[in-house]
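Asks: Below, each chain spelled out in residue letters.
Number of protein chains: 2
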Amino acid sequence: MTRKSGHTANWAPSRRAFLTGAAGAALTTSAATALPGAARAAGDPAITEIKDWNRYLGEGVDAAPYGAPSPFEAHVVRRDVPWLTADPVSSVNFTPLHELDGIITPNGLCFERHHAGVATIDPAEHRLMINGLVDTPLVFTMQDLQRFPRENRLYFLECAANTGMEWRGAQLNGCQFTHGMVHCVVYTGVPLKLLLDEAGLKASGTWLLAEGADAAAMTRSIPLEKALDDCLVAFKMNGEALRPEQGYPLRLVVPGWEGNMWVKWLRRLEIGDAPYAQREETSKYTDLLDDGTARRHTFVMDVKSVITSPSPQAPVTHGKGPLVITGLAWSGNGRISRVDVSLDGGRNWQTARLDGPSLSKALHRFYLDIDWDGSELLLQSRAIDEAGYVQPSKDALRAARGVNSIYHNNGIQTWQVRADGVVENVEVS
Amino acid sequence: MTRKSGHTANWAPSRRAFLTGAAGAALTTSAATALPGAARAAGDPAITEIKDWNRYLGEGVDAAPYGAPSPFEAHVVRRDVPWLTADPVSSVNFTPLHELDGIITPNGLCFERHHAGVATIDPAEHRLMINGLVDTPLVFTMQDLQRFPRENRLYFLECAANTGMEWRGAQLNGCQFTHGMVHCVVYTGVPLKLLLDEAGLKASGTWLLAEGADAAAMTRSIPLEKALDDCLVAFKMNGEALRPEQGYPLRLVVPGWEGNMWVKWLRRLEIGDAPYAQREETSKYTDLLDDGTARRHTFVMDVKSVITSPSPQAPVTHGKGPLVITGLAWSGNGRISRVDVSLDGGRNWQTARLDGPSLSKALHRFYLDIDWDGSELLLQSRAIDEAGYVQPSKDALRAARGVNSIYHNNGIQTWQVRADGVVENVEVS
Numbered sequence: 001m002t003r004k005s006g007h008t009a010n011w012a013p014s015r016r017a018f019l020t021g022a023a024g025a026a027l028t029t030s031a032a033t034a035l036p037g038a039a040r041a042a043g044d045p046a047i048t049e050i051k052d053w054n055r056y057l058g059e060g061v062d063a064a065p066y067g068a069p070s071p072f073e074a075h076v077v078r079r080d081v082p083w084l085t086a087d088p089v090s091s092v093n094f095t096p097l098h099e100l101d102g103i104i105t106p107n108g109l110c111f112e113r114h115h116a117g118v119a120t121i122d123p124a125e126h127r128l129m130i131n132g133l134v135d136t137p138l139v140f141t142m143q144d145l146q147r148f149p150r151e152n153r154l155y156f157l158e159c160a161a162n163t164g165m166e167w168r169g170a171q172l173n174g175c176q177f178t179h180g181m182v183h184c185v186v187y188t189g190v191p192l193k194l195l196l197d198e199a200g201l202k203a204s205g206t207w208l209l210a211e212g213a214d215a216a217a218m219t220r221s222i223p224l225e226k227a228l229d230d231c232l233v234a235f236k237m238n239g240e241a242l243r244p245e246q247g248y249p250l251r252l253v254v255p256g257w258e259g260n261m262w263v264k265w266l267r268r269l270e271i272g273d274a275p276y277a278q279r280e281e282t283s284k285y286t287d288l289l290d291d292g293t294a295r296r297h298t299f300v301m302d303v304k305s306v307i308t309s310p311s312p313q314a315p316v317t318h319g320k321g322p323l324v325i326t327g328l329a330w331s332g333n334g335r336i337s338r339v340d341v342s343l344d345g346g347r348n349w350q351t352a353r354l355d356g357p358s359l360s361k362a363l364h365r366f367y368l369d370i371d372w373d374g375s376e377l378l379l380q381s382r383a384i385d386e387a388g389y390v391q392p393s394k395d396a397l398r399a400a401r402g403v404n405s406i407y408h409n410n411g412i413q414t415w416q417v418r419a420d421g422v423v424e425n426v427e428v429s
Numbered sequence: 001m002t003r004k005s006g007h008t009a010n011w012a013p014s015r016r017a018f019l020t021g022a023a024g025a026a027l028t029t030s031a032a033t034a035l036p037g038a039a040r041a042a043g044d045p046a047i048t049e050i051k052d053w054n055r056y057l058g059e060g061v062d063a064a065p066y067g068a069p070s071p072f073e074a075h076v077v078r079r080d081v082p083w084l085t086a087d088p089v090s091s092v093n094f095t096p097l098h099e100l101d102g103i104i105t106p107n108g109l110c111f112e113r114h115h116a117g118v119a120t121i122d123p124a125e126h127r128l129m130i131n132g133l134v135d136t137p138l139v140f141t142m143q144d145l146q147r148f149p150r151e152n153r154l155y156f157l158e159c160a161a162n163t164g165m166e167w168r169g170a171q172l173n174g175c176q177f178t179h180g181m182v183h184c185v186v187y188t189g190v191p192l193k194l195l196l197d198e199a200g201l202k203a204s205g206t207w208l209l210a211e212g213a214d215a216a217a218m219t220r221s222i223p224l225e226k227a228l229d230d231c232l233v234a235f236k237m238n239g240e241a242l243r244p245e246q247g248y249p250l251r252l253v254v255p256g257w258e259g260n261m262w263v264k265w266l267r268r269l270e271i272g273d274a275p276y277a278q279r280e281e282t283s284k285y286t287d288l289l290d291d292g293t294a295r296r297h298t299f300v301m302d303v304k305s306v307i308t309s310p311s312p313q314a315p316v317t318h319g320k321g322p323l324v325i326t327g328l329a330w331s332g333n334g335r336i337s338r339v340d341v342s343l344d345g346g347r348n349w350q351t352a353r354l355d356g357p358s359l360s361k362a363l364h365r366f367y368l369d370i371d372w373d374g375s376e377l378l379l380q381s382r383a384i385d386e387a388g389y390v391q392p393s394k395d396a397l398r399a400a401r402g403v404n405s406i407y408h409n410n411g412i413q414t415w416q417v418r419a420d421g422v423v424e425n426v427e428v429s
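Chains A and B, in that order, give the protein sequences. Just so we're aligned: 196 in this note's numbering is position 196 of the first sequence, and the numbers increase by one with no gaps anywhere. Just so we're aligned: 404 in this note's numbering is position 404 of the second sequence, and the numbers increase by one with no gaps anywhere.
Bound-form chain A, shown alone:
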């Protein structure tokens, strides 16, 4: 008998055959949908059998050196919106927040935003240069960087344009699209301060220019005070190497600040004595106000939250009774101290349960477990951070900044849950 004969015999269909055969058929003939109640007695005639999965041997440990999700989860993917931009090489796709739980985003589902496609970089050839107002300009290989002391930190990363479409009213029907330009992973990297100290900062240095090795040569100015505080030059996310679309092999981590500043494919850091007024901090990533002036250097991502389920892509399919309301909250100012949830469009609020580690500038998961009576809900969440900032209403934001802006919309989101469980993106005043 050969080593593998045991699980390739006729009576034991391979996993692939099983998926396209028996299980595929079962998906269309299943009676197990939307049963009422939170559990049922074992004698319930609706339950005809405990399915006999154990008649089949499955794949062995040699089948998938790097694993993948179940084929039954094929719908849990990043999604782009083709009409949003002229070309997918300068565009965005969105994290499927409505399908996730906890506070870690799996690397394969972290949203992408790039300006000239995903750079393909051989780490053995990659270099990081530090120049400008330093005593000794330096060039580091990846191996050089990995000889400095490292840190591991869990941080959210949010695009400044996240929720940008909502400035002018409810636009997109799903939190993946309204709020999906955020993710949260553990970064491993070297504190930027250590590298700058190695080069030696001249006293006149006040700003840093970070430059990427992609075809957009993404460049952003960062105050040196921030660079010396908590920035990292990271080479790993969630334990493994950065993903290509997240800057492999090197990315700048700028905790709590807008995602565009977290320069990917990082190749150069220049020290100067003023901001550099690059394209991505003048014509873009500034906030045009009603009076024609623009807010600039709006780096911090303000306190924000969103209910991820129920939501338009995650309707209530089980009818009334126990219902888990869950969502995410975050703030560039530190920890989230409280999240309130309203069922009636902001008239009344209940304090949600925060669950899981509470770490500064990371996503926080919240829950409100209710007994739903089946009547319409107008779901809202409102986060408060440890600095005391309270997430504002969309109307309050518009009164302060007008509706010309694309960036920094941290307004309270409203989901209408209808009696039939369907959920819509709506606005309430």
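Keep in mind that the hints were calculated from the coordinates and are not lab data. C-beta atoms are modelled at their ideal positions from N, C-alpha and C, and glycine is treated no differently. A portion of the hints provided could be inaccurate.
DEER-style ranges, computed between Cβ atoms [what the hints assert, rightly or not]: (1) L194(A) - A396(B): 32 to 40 Å; (2) L228(A) - R55(B): 32 to 40 Å; (3) N131(A) - G321(B): 20 to 28 Å.
Stretches of chain B that chain A covers, calculated by requiring three or more beta carbons in the stretch to come under 8 Å of a beta carbon on chain A [what the hints assert, rightly or not]: (4) 92-103; (5) 348-362.
Quick list of in silico lysine to any residue cross-link-like pairs, SDA-like style, CA-CA up to 20 Å [claimed, not checked]: (6) K320(B) - P149(A); (7) K320(A) - Q143(B); (8) K320(B) - E198(A); (9) K284(B) - V300(B).
Chain B: place on chain A using the hints.
Replies: This is chain B only, laid out in the frame that chain A set:
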């Protein structure tokens, strides 16, 4: 112009073509290996250019709905040892600990151990039954379970047989193989206590039998006290659905206890008044001592640590000077309070730096940053947990338990770092 013409024109090779063409060649002609020192001045003639990656547009945001690692990281995979077992459907593969950092294991790299292959289960058809000494036997659908209050917890999972080959001396040359049956992810699930309360426990109940839906029908007995304390019935890991090889769609989480008890593809929980004496807790997962008796119900995974780099698969390639020594520590008793590192086979010890969140029954990451003089090292790490337990030497373990055992080897590991940077698995007395 079609929408994609911009990045498929002749002058902009597609990412795939680039990888098999120019970059593939660059891999063999690169001069950028093993340069001495921690960084070099930008004028150094060894650095001829900052590589011009930015001549090429990359893939757009529509290219990878579910992302994958860089092709340059293709070596970072789980590996099995074909001669270890008779068939890969009842075998193990190993987490590449030497390539990872931080405390999160990416889902695709979590080691696999199964006894009848990976069960393929349609979540819409899956059921969890609770029966035995309960007031009301119950059957739950996946949707039913998702209506109970949830928790998110970061826990290590270690196979009881991890490091088992080392009982009889240094065997396997790499921490992936000596210690790679451990991983650490955030689980989202329902406290088991809530489900048991729903069924109503009879006063006579003291043990719980957990049964899997795989062809091995994996069954283990768990004291009810533990089940009511911190066990979870989990459906997500690191934010997304459980991976198939980790029990999709449902797994029992038994924090700090041996991995075999974390029953995958969980389909039944039976309450009884005694342990069930199943195969996997009698002929297996008991520890045969020198006097012919066996320790049984050795559930807790004791305090343990290992240096992941340098290690046999992660040699020192940069010569003397700054060297980052890093590793992992964990304990089934709670948090790690301290890790010591020895450079000389246990004669002298230095306290390592613990970095990142310190969470009960999770992996802890430690570092010792040294200035290596290039002489031989005998690297060891020794962890101490918050209960006061100190990781023992292998000799102390053998004196207490003999060498018949396979399980629960938490002895101190030694790596010999030679002057040329090559690392070997050795024993010191």
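Asks: Is K320(A) close enough to Q143(B), meaning Cα to Cα at most 20 Å?
Replies: holds, 13 Å
Asks: Verify the coverage statement for the region 92-103 of chain B against chain A, using a C-beta to C-beta distance below 8 Å and requiring 3 or more qualifying residues.
Replies: n = 7 at 8 Å, threshold three: holds.
Asks: Lying within 32 to 40 Å: is that true of the beta-carbon distance L194(A) to A396(B)?
Replies: holds, 39 Å
Asks: For the region 348-362 of chain B, do at least 3 residues have a Cβ located nearer than 8 Å to some Cβ of chain A?
Replies: Contact hint for the region 348-362 of chain B vs chain A: holds, 5 residues under 8 Å.
Asks: Does the Cβ pair L228(A), R55(B) satisfy 32 to 40 Å?
Replies: Between L228(A) and R55(B), where Cβ atoms are some 33 Å apart, the hint holds.
Asks: Can you let me know if the beta-carbon spacing of N131(A) and G321(B) is within 20 to 28 Å?
Replies: Roughly 23 Å apart at Cβ, these two residues keep to the hinted range, so it holds.
Asks: Assess, step by step, whether the Cα of K284(B) is no farther than 20 Å from the Cα of V300(B), and give holds or violated.
Replies: The hint holds at about 16 Å.
Asks: Take a quick look at whether K320(B) and P149(A) sit within 20 Å of each other, Cα to Cα.
Replies: Between K320(B) and P149(A) the Cα gap is close to 16 Å, so the pair holds against 20 Å.
Asks: Run the distance test for K320(B) versus E198(A): straight-line Cα separation, threshold 20 Å.
Replies: holds, 18 Å
Figure legend: structure checked against the earlier numbered hints; every hint is met.
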